[in-house]
Structure formats: C-alpha cells, structure tokens
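Both chains are given apart, each in its own frame, so use the hints to dock them into the complex.
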Amino acid sequence: MQPFDFVREHEVSTAVKAGSRDGAKFIAGGTNLVDLMKCDVEHPTHVVDINAVPLSKVEQVPGGVRIGALVRMSDLAVHPLIVKNFPAISQSLLVSASPQIRNMASIGGNLMQRTRCPYFRELTWTPCNKRNPGSGCSAIEGENRLHAILGTSDACIATHPSDLAVAVAALDGVLTLRGPKGERQVNATDFHLLPGNTPHIEHDLKHGEMITSLFIPDGPHAKRSSYLKIRDRASFEFALTAAAVGLDLDGSLIRSARVAFGGVGTKPWRAKFAEAALGGQRATPDVFRAAAEAEMKSAVAHRQNAYKIELMKRTLVRALSDLAGGVA
Amino acid sequence: MMPPLGPPLDRVDGRKKVTGGAKFAAEHNLENMAYAAMVMSTIPSGTIRSIDTAAAKRSTGVIAVISHLNAPRLGPAPGQPPAAGQPGAAAPPQQQGNFAEPQLIPFSDNKVHYVGQRIAVVVADTIEHAARGAELVKVTYDETPARLDMQQFREQGVDRAKSLFTKGDADAAFASASVKIDQIYRTPHEHHNPMEAHSIVAAWDGDHLTLYDSSQNIFAVQQTMSRLFGIPKENVHILSQFVGGAFGSKGSTWPHVVIGVLAARMVNRPVKVFLTRKQLFFGNGHRPETQQRVALGANPEGKLLAMIHEGMSQSNDVCTYAERFVRPTKAIYAVDNMRAINPIVSLNLPSPTYMRAPGESPGMFAIESAMDELAYALKMDPLQLRLVNHADVNPEDGKPWSSKSLKECYAQGADKFGWSKRNPEPRSMKSGRDLIGWGMASATYPAHRSPASARAVVKSDGTVTIYTGTHEMGMGTATVMSQLAAETLGIPVERVRFEYGDTTLPPTPISAGSMTAASVGSAVFGACDALKKRVAEIDGVDPATINAESYHTILSKHYLDDVEARFDAKPPQQEPHATQAFGAHFVEVAIDQDIPVVRVQRMVSAFAGGRILNAKTARSQYFGGIIQGIGMALLEETHFDKRLGTFTNVNFAEYMVPTNADVRSIDIIMVPEEDHDVNPIGVKGIGEIGIVGVAPAIANAVFHATGKRVRDLPITIEKLM
Ligand SMILES: Cc1cc2nc3c(=O)[nH]c(=O)nc-3n(C[C@H](O)[C@H](O)[C@H](O)COP(=O)(O)OP(=O)(O)OC[C@H]3O[C@@H](n4cnc5c(N)ncnc54)[C@H](O)[C@@H]3O)c2cc1C
Ligand code: SF4
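Listed in order, the protein sequences are those of chains A and B. Residue 550 in the numbering used here sits at position 30 of the first sequence, and the numbers go up by one each step. Residue 428 in the numbering used here sits at position 337 of the second sequence, and the numbers go up by one each step.
Here chain B stands alone, though its shape is the one from the complex (with noise of 0.2 Å):
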C-alpha cells in the first residue's frame, strides 16, 4: 500500500538543472535561425495610423517587419479551456485550444485594445538586431477615449463567469444579525514573474509545424495553432520539457507564440522569440485588481447567519478570463444564506489570466480578514471563531466530503505555533521597539482532475520508461511520476525513465489548478498497474507475486524485448464526494512603532493535501506558494497609471517579490490525509493552497500588532502610518 507521506527523494532532474545541462525553450538553437523582437502599443485604445518602417527595415541584419499591414489572416482561435471544476473543463486536452485573446488575432486588423499590445515583429538574423530594429519602427495612432479606472465603470460589470450563487437569503440574514461585518477589500494588479522569460523557438518544414515552447499546456498549444494556421493537428510538433517557472502565466497560448510562428513562416526560417522582462509585463497576464465587499452576519455565539461576497475584477474585451474571487466562499465556511458573484469590469488592461490560486487567493484575502473582523466584534478567538463555523459537508451543495483535515490543521498548526499564549488585545505584545502581532487564517483549494493518459514500456533488463505529455515547472512532476510508478511496479526509482514535454506523447491536461499530481498521477497509476497486470499474464502468474526482478525474468523467459502498456484516465462523469484541500496559517509580525515596515518572523502551516507523493517536493511547494503569500502580503503591487494607460514598475527593481532576507522561519507541517474518494492515488494537489490564506493571516498580524486594520494589498508603510 502507498504510504501516505512518499519519501523525500531529491529531484530526479536536479543535477542537470544546476550544471546547466537542461534546456529551456529559448535555448535550441536551429541552423539558419533568426530572431523575432516585438513592438508595442503605446496607447490604450484606438487605431493604428500609420507604420513607418523604413528605418527598422534598413537596420543592420533585418529581414522582415511583419504587422497587420502584411500578415496573412489567420484562422479563429480556440479560447482558453474552461477553468477545473467548470462545465467543459473535462474535455480531453486534445480538443481544447488555449489562445489566450480569442478577439485578438495578431496583426489582424490595425485597432489597439491596451498599451503593450504586440502591434508589430521585427526579424532579422541576431537578437540584437531584431531588438534594434524593433526600436526603430514608428507608430502613429488615431487616439479613442480608454477605460482605464475600474471605479469609474464599476456599474457595468458583468457577470462573465456566471459565478452568482445564492443560498437562503443573504440580505434578509443579514439585516436581522446582532452581530456585523460590512466591509470593502482590495487586491492590486500582480504579476507572475517567473524566472524564466516566455520564449520559443519555432520551425516550419513545408506543413509542419515544430515548436519549442515554455508552457504549462503545450496540448492545447497543439491545438490553437492547427486552428490558427490551417494544418492537421498531427502537424504540429510541441516541445516543452523545461519551464522556469510559469505560476499560471504559461497556461495561455500568449500573442508572441503566434507572432513568432508566424514570423517563421514568413521569413521561411526557424524563429526565435525571447520577451524581455518589461515586456512579460504587458502581453503574457497578471492577476487583475479586484474590489471585494464581504458582508458576514453572525449571532452572538459566532454562528455565521448570513454571508454575501461580491465586487468586481478587471479584464478586457478581447480575452474571456474572470477572477473567480467568490470560488472559496461557497466552500470555506457553513452558512446558510449566502449570495456570492465575481463580475468584470472591461478595460483596455491587458488581458488578466490565472496566477497561483487564482480566485481562492484574493478570495481568501476579503473572506478572511472579514472573518477576523468579526471574531474582534464578537470578542472571540479568531480559531475558535473558525470551528465554530467549520463545514462538515460542503455547503455549495450538501455533498459529503472526500476527506476533510482541516480541524487536525487547524489543532497542529495553533500548537506548534503556541497559539493559546496570545493575548486577544491589539497592540499587548512587545519586543523591544517594535510591536508584536499574531493572526491566522485558512486556506483551502479544490482538488479537480482531469483526462490524462500514459504509456508505461518495461524493458527485458527490467527498466520502465513512463510516456506522457505532461509538463515540469519546477514543481517535481518528473521526480513524483517517476516514484509512483516505481511503486506500483515494485521496482526501484533508479529504474523508472519519464519521459514528457512533448506532444507526441500520450496526451495530458494543463498543468495548472494544482491537478497534475492528480490527472497525471492517475494515468501513470494505471498505465503501471496494467503493466504489472499484464507481465503477470504473459506468465500466466498472480500479479500480487509480482517483484522488482519479476520484470527482467518474465520477459526474458518469454523471448519478449519488451511490453508496454497505456491507460487513459478519466475522472467520473458524477462526483459524489466533494473534493477540496485545507490548511491553516498562523503568522507573528513583528512592526517598528516608529518606521512601520513589517516583517515577517515566523509562520506556521498546516496542510491536508491528501497523500503527499514526495515529502521534499511537497515542502518547497508549500514554501514557494508562503513566500508567494508573503510577497502578496507586503510587497506585490504592478502600478498603474490610469491618466496614460500603463503598468508602471516593470522591472524586478521596482516590481518587488520576497528576497531571502524577507523570509525567515517557516514552518510546515503536513497532515496525513487517506483519502480513497478523491482519485485512484489520494492525492488532492498542493501548488496554489500554500499561497491562500497567507495574506490574510498577515493581515490579521499587523491588525493585532498595531490595532490597525488594512484592507488593501499590500501592507507597505504608509498604510501603517
């Protein structure tokens, strides 16, 4: 039986990442390449004048400027992919394209929908030409009056998403509480910023299409550009086996993808395309600015009697992309009158997309600083406030529960962290100058799957390589995949191979909403189990006798070189359970009284993800999603200025993530969680739920710390003084 903590095994791609031996999308390099470098928009919303491309053109080494005035029309493309959990979202990725502005075909006519819009490619035979001569194109503009002030419009939201939920009646509750909380949270814009800059490298040979990409979903890159360009499906070749990272931002098929295939085709070379920092500001996503009002109605025992969630989000025309901020309040906490919806207010932004926890993480922010809220106006412990209101069944609609931990994280964390010492009254703990502040708060993600396959080939010396398309941002798929199915074979890991990052394989879902574990660890579950299955057959023996030296001596003894077998994976049609992850944090500030900057200096977390693959890879994810939090917390804000339509810290100077020095002690505690409901492997997934819920439980800190309550991210200085 699978252990429900999997051993720590270092990284299976470990070494050759920090020797240099593996190879991210920008850097293949193909004979005869050149090099793509974009143009920007820089007005938010009008029409193209004029392209003056004599400069560009006699620059050193160009080869083409490529824009509307010359592109060839391409085909409608494929949307973005229902998100997990949504009607839709159990389509096999095959079938689903992933374009990230389906009203937003590049260079297909001349209007500009936001600054930063890719209007124009210059090719030519370095990067620095290309960049070079991208400086050298001159747009002129005919200006329209832009939306660019998501207050201003705040009556025309729509409900994109069709996220409104009601339950009882929320108002009526509400009205008659003794007890109160009625207030308006905001989150800013984020972006992901992931280490490594999109880029790809592309290549045409007559119909075929080959394309090195950093994504999280290259299936759907499959599909959107079988769409966009006219060819088979089969025609198209996508590789992505390395991603630095990604956070949600290379779940989309980005405009510079297409650009640069285009490109390719025109110039009739392999393109490479490279974004700079500044421009992954622009046209490769963030996390839209929301406005969240949270109105929680309790008695005066704690019980909440009405709950109701709404505001708005940014987005634009030309992508369908809603943040999904009220997905938590169905989930979170047992009410009976709830009203929930998340609207969008059409800017001329760039496109927003999904970034760590989407939803769940502003959610979370509004939901549970109200919640603290509430616990000080009821004079009760924000825990104990918390228990009070656990679900015992999932109250969006009565199921039961998969399995469900969050007490145990609730009780393991507040002991660990020394929780019953608090002193409830703001601003009572001190260490020397600065004052001290203890909050919580909880987290929670749900735990989705969807269609996957894989392929499993058991050699005559005994070695397995597993098949499937999925793809590695650094969260530890290779190295989990490749334990489970050494574990389901009974052999050891040094003899599994996984292979994935490529669409010739067996094909896979995006690897986003913390699903990977889930959707790909299910075909590779099965493909072994079948295998093991199947060598038991070939010599006619009990599977259970199977063992690590069964493999090697049963196909020798049968004269086979090897056996494979596949299995698609597919999560029911009717799910009975309701399937989500739970945690808690709890954090002590500390705050200088005179010079307010906060600091983080200890957290404690506590997680029930399910059966946890692989104890190391599990933690850095925790880690990586609570210094994430952090830095929403405190630090993340892209500014943006709404007099000339445009971010303004686009840079890693100004855009600020956490360095070493911001994160001191973190402590995380995993939660055993058996779970056979979920999925055949009990995993629930534990990408996002690190990052949810750590701004919040902040927030509550600096509120214990200082007795002041800010309701803006991110908590800089000034809010403080």
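Looking at chain A on its own, in the form it has when it is part of the complex (with noise of 0.2 Å):
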C-alpha cells in the first residue's frame, strides 16, 4: 500500500475542497477502498474521510425518499420507509455481502464499488485495461465464468459488483453530487458509464466531486418491486445474476414494468427492450420469457460464461412470476 495522508472532514464544502486536490480519495467505510489500496490498485496520495459528514438521513421528501450518502447498507436495508414503499431496494441490500461489512459500508460508497475480476483486483501483474490503461484484457481468453455478458467492449468485459445499484437502476434512482464547481443531479443509470474503449472511466463523477444523496421516486412500481439474486453460495457471495423488478399492474394487465439486471452486465443493466416487450401485456410466464429474450438479443459471451444467458432469462421469469403473484 502506498503511503498516504489522511484527513478527516465534517462539512459537504471542507470535504469536497479535500477531495478535489491531486490524489484525493473519499473513505466512508473503506470496505472497498482499502481492499484495493492493499491489493495495490488503488493509490490515493490523500485519504478524505468522510464519515463525519451529516449526509446519514433518510428522509421522505416529495414525490420520494431521499438517502444520504452515507447511509449504512444494514440501516437502509431496513428502514420502514424503504421495507414498505421500495422493496427491491431493501432486499437488494439484504443479500448483498455480509451483515459485518453492510454494518460498514456506506450507500455512496456501495455505488462507486468497483469490480471484483480478479485480474483487476487481485493479480496485478497480469494485463488489465480497467487497472492499466492500454495493457489488455486478460479475461476476454481466460477465466471469466463471473465476467459480464451484457455491455462488454473488446476492452473489458468486467461485471458491476453492485447488488443495489441495479435495486436503483431498475427504480429510477437520482443521484445528487456535489463538487467544486457546485451541485447537480445525475439518473442512476446515466451515472455508471460503459467500458467502451475506456473501462478505466467508470462514473459520471468529477474529482473532487462526492455523491451526497441518493433520491428514489415514489411510484408503483417501486412499492410492487422486488429482487431476485442467484449464487452458487447461499450466502455472501457477489450475483451470478440478479433481477430487480417493479410492475405498475392492472389486475393481470401491467401498464409499465422497471426491470434492471446484475451480475451480467458491465454497468447496473437497465432493461430497456425487457420493460418494452412487458408494457401493456399480461403477466403471462410467455410474456415474461419474451420480455427476456428480448433483453438478452444484445448478450454475448466468452468461454466460461455462455450460461448466464439463460439464466439471467430464467432469473427475470422468475422474478416477475413471484411478483406478478396470483395473477400470472
């Protein structure tokens, strides 16, 4: 690990003035961050904590439910609010890790986590475009039975690790962010950014620039939500793949679905022709086996991960038939 300064700041402003100078890195939980300082990926020269900045609310504001930053994963996962009115969100965070690090990590933090492909992470001396620009992929020709099959470039095929970012994708989720030069508001899913040729540049997020809040719309589609997550273990381990759903029905007519996939993509994975092909349908297991395919048409896969095309299919027809409940 390199050696590193540490400050620690109380104030959204401070804080951001500490995280815009050269080598800055916000810490909240640290959960990730300094995994990856010790595997000697990340290097931030200076180290902002930002746990004692009051961003760790959540607040039903109009027209939704506005989340601090720094909210903990095991708080949000059960928060009246969230339990009641964004059930995907909930259950997104409680399969998600393990109760010790969602004691830790933070909800700004759990969106900027970045991916667990071991050539990036773990064996830094191999070829990686995410970790050293221009070197090359090694997990395009080797293992990547955990790599994305969804939103892959030539570059980089690396998977999104979240479980809630895709709870939030699927929901609508806003994101406010705070940098030198001001605030603004990014959607979720306009916020983390595909590989393309530049798999290093992973978020709409300038330096210096700090996520202060996460606001998820109200809606039916958020109170009819849920997610649905396949692994190997049974416990603690990152999504094969997994199915955040919400559906506006009408009786057994659904007006308009939110569906969003993980562990198969390289980004929270809205999905878009999925939502199309259910909208204005009945919550049928053919409509939803349709809906599937019609997201999964773009999917391509390399050696080890030609499953996860049919079971991220299965996964979303599952997940909707449970939550379509008695009508389909």
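Worth flagging that the hints you see were computed from the coordinates, not collected in a lab. Glycine residues also receive a C-beta, built at the ideal position from the N, C-alpha and C atoms.
These stretches of chain A come out as covered by chain B in the derived footprint (C-beta under 8 Å, 3 or more residues):
#: 1; stretch: 521 to 532
#: 2; stretch: 629 to 640
#: 3; stretch: 643 to 654
#: 4; stretch: 658 to 670
#: 5; stretch: 741 to 754
#: 6; stretch: 757 to 766
#: 7; stretch: 828 to 840
Below 25 Å or equal to it, Euclidean Cα-Cα: the simulated BS3-like pairs (lysine-lysine) are:
#: 8; chain 1: B; residue 1: Lys369; chain 2: B; residue 2: Lys733
#: 9; chain 1: B; residue 1: Lys369; chain 2: B; residue 2: Lys202
#: 10; chain 1: B; residue 1: Lys114; chain 2: B; residue 2: Lys707
#: 11; chain 1: A; residue 1: Lys817; chain 2: B; residue 2: Lys810
#: 12; chain 1: B; residue 1: Lys148; chain 2: A; residue 2: Lys558
#: 13; chain 1: B; residue 1: Lys229; chain 2: A; residue 2: Lys558
#: 14; chain 1: B; residue 1: Lys148; chain 2: B; residue 2: Lys369
#: 15; chain 1: B; residue 1: Lys624; chain 2: B; residue 2: Lys550
#: 16; chain 1: B; residue 1: Lys148; chain 2: B; residue 2: Lys202
#: 17; chain 1: B; residue 1: Lys624; chain 2: B; residue 2: Lys661
#: 18; chain 1: A; residue 1: Lys558; chain 2: B; residue 2: Lys369
#: 19; chain 1: B; residue 1: Lys507; chain 2: B; residue 2: Lys470
Given below as structure tokens:
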C-alpha cells in the first residue's frame, strides 16, 4: 500500500475541497477502498474521511425518498420507509455481502465499488485495461465464469458488482453530486458508464465530486418491486445473475414495468427492451420469457459464461412470476 | 475399562480461544522485531534477469531486501516424510525433515518454477513498511515455455508414488463382464484455506534458533531447520501452541518459514512473517487437480468382477508430492481383478500437498460415482450394490480387518435417513418447484500410527502433567489427551494438565493422516499406565488398587515431590491386521427445476472409527469434514488461468467455502466399535473420514434429482442447465 495522508472532514464543502486535491480519494466504510489499496490497485495520496459529514438521513421528501450517501447498508435495508415503499432496495441490500460488511459500508461507497474481476484486483501483474489502460484484457481469453455478457467491449468484460445499484437503476434513482463547481443531479442509469475503450472511466463523477444523496421516486413500480439474486453459495457471494423488477399492474395487465439486471452487465443493467416487451401485456410466463429474450438478444458470451444468458432469462421470469403473484 | 464412546467434555482450551487468551504464532512479539514481506514471481517458467531493489531500499522503514543475489546458500533440505502406511513412515519423527520443495531451496538460484514462487523478501520495521517495500521491488525475467495444461502433457504421467497395484487380470475381466461402467471423473484444484494464515516469528541467539510456527509437524520443522542452516538439531526450538486450522497445509515446511529464518539471521533481529490470504494460494500447497478413469465390470447380480482406476494429477518438479487417489481403491470393495495407478504430470504450477483425506477424497469421488452409475445400469439399489460387494477381508492383501462395522453404518444410516422409501427413478421426487434427490456413498480412511513419546509427571498434590510435543489445530487433541490420561490414571480430568506444541517435549509425529489420537494417544496411555504402576510399586501395592487419592497419599507417605514415567510408543513391525475406518453418507438435495442451484437439505452420516475418546470433539471433527465435503461437492475450486499460469480466485470472496446458510441438517451416527487389535487404545482416527464420500453422495443425489450425471466437481449451476 502506498503511503498517504489522512484527513477527516465534517462538512460537505470542506470535504469537497479536500477531495479536489490531486491524488485525493474519499473514504466512507472503507470496505472497498482499503481492500483495493492493499491490493496495490488504488493509490490515493490523500484519503479524505467523510464519515463525520452529516449525510446519514433517510427522509421522505415530495415524490420519493432521499437517502444520505453515508447511510449504512444495514440501516437502509431495514428502514421502515424502504421496506414498505421500496422492497427491491431493501431486498437487494439484505442479499449483499455479510452483516459485518453491511454495518460498515455506505450507500455512496456501494454505488462506487469497483469490479471483482481477479485480474483487476488480485493479479496486479497481469494485463488489465481497467487497472492499466492499454495493457489488454486478461479475462476475455481467461477465467471469465463470473464476467459480464451485456455492455461488454473488446477492452473489458468486467461485471459491475453492486446489488443495490441494480435496484436503484430499475427504480429510476437520481444521484445528487456536489463538487467544487456546485451541485448537480444525475440519473443513476447515466451515472455508471459502459467500458467502451475506456474501462478505467467508470462513472460520471468528476474528480473532487462527492455523492451526497440518492433520491428514489415513489410510485407503483417501487411499491410492487422485488430483487432476486442467484448465486452458487447460499449467502455472502456476489450475483451470478440478479433481477430487480417493479410492476404497475391493473389486474393481470402490466401497465408498465421496471427491470434491471445484475451480475451480467458491465454496469447496472437497465433492461429497456424487456420493459418495452412487458408494457401493455398480460402478466403470463410467456410474456415474461419474451421480455427476457428481447433483452438478452445483445448478450455476448465468452468461454465460461455462456450459461449466464439462459440463467439471466430464467432469473427474470422467476422474479416477474413471483412479483406478479396470483395474477400470473 | 475405557468406554467405546468417551464423555463429551468441553474443550480444555475453549475459554482461552474465545477470550483471545490463546496465542497463535503471529501473536508473539519479541523485542526489536522486524517484519518480512514476500515478493512473488509473476511468470510460470524462466529465469530472473534482474531485481531492482533501489526503490524498495529507499522506502520508509526498509531494512533489507534479500534474494538469490545476496542470500547465503543453505544446506540440502530433507523432503517430506513418506505418507502414513508407506515405507519409511515408521521412522521416528525426530529423524524426518519436511521441506515441501526439496528441489527449490529458497534463493538458491535465479530459476522460476511457477507463479507465486517466493523470489525475494523485504524486511522492515513494520509490517506495512515491509509490504510496501515488497511492492516496490521490480523484477525482470527471461521467460521460457511453461507447462501449464495437464491435458496437453497427459502422455507424460509418471508413477512417482509407485502406486501401481494389480490383482488378477483386470482388463480381461472387464472386457468379458456383462455390465460395465467406464467413465472419466475430474476434481479441481482446491486450497485448504485455514482461518489462520501461515506465519512465523523467528529469533536467533548465536547459532540457536527459536521459532514460533503455525505447524502440524514441529519435530520435522526442527530437523529441516537443522539441516538447512547447518546447526545441531538441539539448537533449534520450535513452538507451536495453537494452530488456527491447517487441513494438511501446515504439515510441510513451506518456503516462507525458511525465508523468515534466513532473514532473521541476515538482519540480526527477530523477524515475523505473516502471509496474506492471496499469498496462501501460491506457496503453501493445494489439493491438485485430478482426472480419473474408473472402469467397473460386474455380473448381472452386481458382483464386481473388475475394477480399473487410473488417471493423473498435477504436481511439479520441485516437490515430491503425488495425489494417491487409488489408495481407497484397494480397500473398499471385494474385487478379484484390479488395476490401480495414480501417476502425476509435472507442470509449472505451485506445489500441491496433502489436503484433508488426500487420495481418499478425490479417489472416492470417482469410485463412488461409478458405483452409483453401475447401480443404475444394473437397476439395483445403490446400497444393495455395496452390500453385495462388501469386502470381508482387505482386498489389497487378504488380511483380516482389526474391526470393520461398515454394514452397521449402512444399516443405521439408511434407517435413520429413511432410505427404504426412496423411489429409484430419477426426477421422481419433487417438492414444489424443487426436484428432490437422494444419494449415498461409502466412506473410508486408513487407521495409521507412527512412533510417539510422552512423559507423565504426578506431583504430591495428586495433579498430573502430560508432556508430549504434539499439536492442537482445533481438533481437540489437548482435550482428548487430558481425558485419556485422567481415565488411565483414575483421576478427575481437572487434575490433568497437557503440555504440547514444543520440540523440547517428547517427540511426536505429524498431526495428519488421522493418526494423532492413535499415535500420541498410545504414548499418553503408555506413560500414564507406567506412571500408575510406578506409584503402586513405590508403595508395594497392586496397581489395580490405585485410585484418584492414592497419588497424593503415596507420594506424601514416601516424601516424594513427584514421580514420572516416560513411554515411547511404536507401531508393531508386522501388522497382522488391516486397519481402516469406514462410514456411509446419505444425502437429500433440493434443486430448483429452472434455477438449478444445488442445496443439501439434510444428511445422515454414520461412521465406525474405533473407540471415540470424546463424543463432542469427535462430532465436531465429523461435522467439519462433512461441511468441507459439501464445499468440495458444490463450491470449492481454485480456477487456474492456463495462459498466464496463475490461480485466479485467490481470496475468500471468490474462493467459495460453505457458509452456515449452506449447511442445514447433518445427523451424525457414531457406530460403537471395540477394536483390541488396531492399537493399545482402540482408536482409528476420525479427522479425515468425514469428508470422504460426501462429494459422491451429493453427486449421486443430484443425479437422482435431475437425471444429470456430473462427473467433474464442483457441481455448479451451469453443469445442470
Ligand atoms: C467480501 C465482500 C463481499 C461483498 N459482497 C457484496 C455483494 O454481495 N453485493 C454488493 O452489492 N456488494 C458487496 N460487497 C461490496 C460492498 O457492498 C462495498 O464494499 C461497499 O458497499 C462499499 O461501501 P464503503 O462505504 O465501504 O465504500 P469505501 O470503501 O469507503 O469507498 C468505495 C469507493 O467509493 C468512493 N466513495 C465512497 N463514498 C463516496 C461518496 N459519498 N461520494 C463519492 N465517492 C465515494 C470511495 O472514494 C471509494 O472509491 C462486498 C464486499 C466484500 C468485501
Ligand atoms: S475484464 Fe476489465 S477489469 Fe477484467 S481484466 Fe479485462 S479489462 Fe481488466
């Protein structure tokens, strides 16, 4: 780990100022950043502790809920407002990581966590375009059972690991960012970027900018929503596949749907084709399957991850069937 | 007389462990101690061209950078001792060294044999400074073509373990059998992943070495250090009080120990080495990948006529290890015609080593899967097939068993599980969306013993201390040995203290191969028995009259502060019996029809492992083995990148071991077994048998549930889609 200096800030404004210095990085729960520093992947020279910045509220605001960036995963998962009105958010958190990690990890940090691709994280001597731009991608021809099938490029096929981010993408979350030049809002679906030729650029977050809060709009999709995660191990594992789904139903008629995929995309994958295939249809297994097919048309598999294409389809069908309940 | 099932005494060191009072190797801090961090090779084959240490040396706190460029040459290393049951295994422990890589003495030259080889070490004043220094060491290489794919070199297998076993004419009998199974089974690389990372603290005082190690084999470490550093064995003091799990990975001396000791000598300070989880995946052993062919030929009644078991496993040129997956082949079923061999293919991979039930664990996956396939081919109940082929004497050499209760294991396990209610048809049992499958398999592990010594000292207050060098890796050795001593002496266990984990104490063998209880137990029993007799003799009474109060009374009466006895226990030269533990697993799996993740719903496992010294610690050992077996069946695999020559999922987030949520109901039956021939205390050892047979039992249940036969572990979702 490269040596660094450490400051603790108590206000957004001072945190942003400290975070704007060259080589600065914010630290919240530290469950991802410290790991990556120990792996010799992240090398901040200034670590700016934002845990004392007052951003830990979950508030009902007009049209939705506002979640402070420093709310802990464990607190948000069981917050009554979230459990009642945004079940997919709560569920996505409860199937993430372990209780110990959830107690430390923040919402902002969760959305910012970096891929689990082993070539990126552990095998620092191997080629990796994300860690060392231009060096190549070891995963494309290598061990890629856990890698992405949607949104990949010739430069990178790494999966975005967050569960929460998938639920947030499905439910039209909006991030508030604060930087040296003031505040701005970004839709969650625009926040994470596709790898393209620049897999090292992962978000629409300028240096020095900080996530201050996450807004999720109320609505029928949020209220009738769920998160289904499939993994090898019964607990404490990142997703092989996952689906966040929200349905606005009129009897068995789907007025409109919200769908996002996890474990399969290079970013939290908002499934617009699936949504289009569901809107205006009856909630039946055939319709669900057709929606899954529609979204997975663009999927590209590599040596070990072709199973994810079919598994993702089945995951979506199962998630929608369970959510539609008796109607399907 | 000792009961066949010992009382479930709580662990004697339990309180220390849960309150942080137990000091593990890395928790020892010596004055002026420095820290060492390893630099690992990043190519699988070639030579080191240059090592640029300038930046590392400039880095804060760095004291030294050591590599083949500046390290002194070390002596030749005595290699790993032969496995239990192999020629030479009976040598007393103090004569055996155990360096894991006899052909790769650390820092002896510039050759690179695999990715992750420890090629340099940085010594600094703190662990963080050492780690940082190690990152700054820049190495360049001249690469040579690497051998990375076992398939590619399968023609070059070598029977390193001299494993070839033949009986009758297996090929002819197979060719003429009316019912046949002939399949290939695969098991992947797996890593032991004990909770406690390998670590040492080494301190030199002149030419005397004190070494706190996390080891399963301190006397062999002592011997290894003596040879490598050219000092008398008496000058080497190894201490290993608590070991946080090992599973075989701490049975050999791995390079970090040698390097840490070397570093301590070169910087003239005590040095601590604490490996990272990632590093543990490279230079501390793994269970190597195997590919196994099993061919079974039977008559229509299910009687086995031929059994062929062959294939290969990965090894390398710098270690001597060979995975003996055909060891159980010779012990499990009565077959007249047999051929078995387990060659290795030498590759540029890290050195493999024994991991819980080496040989038996992968070998029985293949055998017991094939037996299940044969049962279906015969349209016969899998349990019935095993009964038809029950080996009444040892198939290998025709010797009688010292005891064998496998039929009772089958019967009691099947009864408790409800096996008779099984519908044999695959995909016939369902529960909601889940397919339900029932499977079974046999388990076996040899009961071995090595020489071991113990000393027992009774004080005039009637308390007794047992001294023996052995190890406590969490199995409960300290507990059961205290019980055994108390029972032999006829005193309450509270009056016994057990001192171990120190080479100044009487020597004991490696704590592996399920032989600690038998080996060390025989010594403890012998020493206590001798002590009791000596005390009786002092007072001129019959030893049978000695009770808990006699010790105090007799010693006081004769003005003695203490009395002691030592016993050197040795296994007999000629063993008239075959000694082997057996068991049977019955498993129910549930598999969602659309999303076929396998979940083990319940298991009933019955074992006959001779006398059980402590029902509680024994149960925990069985649980541990079974849970590791669930991991082997469904989760564990160290992925290997065949182009880059590196293991990839080298941490606990991506190397999957079972969590509590993966373990539902496990019911353990300990079939009572009295055995007067296996050894003086009648125990067979239970540390490994728990894992043997779990993976095939689960794979067989998966077949029953889905109709899909998975022949390569682990059984992950894509193999069932
Ligand atoms: C073993 C393990 C298993 C896991 N399993 C899962 C899982 O199943 N599902 C899942 O979703 N996650 C999982 N995680 C990841 C975990 O959820 C993340 O590590 C965690 O959410 C990160 O939050 P943090 O507050 O600790 O972030 P930190 O480590 O503090 O920060 C992470 C990154 O975010 C930046 N950052 C933090 N806060 C802000 C902010 N307010 N504004 C701008 N940038 C910020 C930091 O600079 C840093 O780059 C797992 C982690 C581990 C270690
Ligand atoms: S998939 Fe992306 S992160 Fe992984 S090696 Fe390739 S470029 Fe690096």
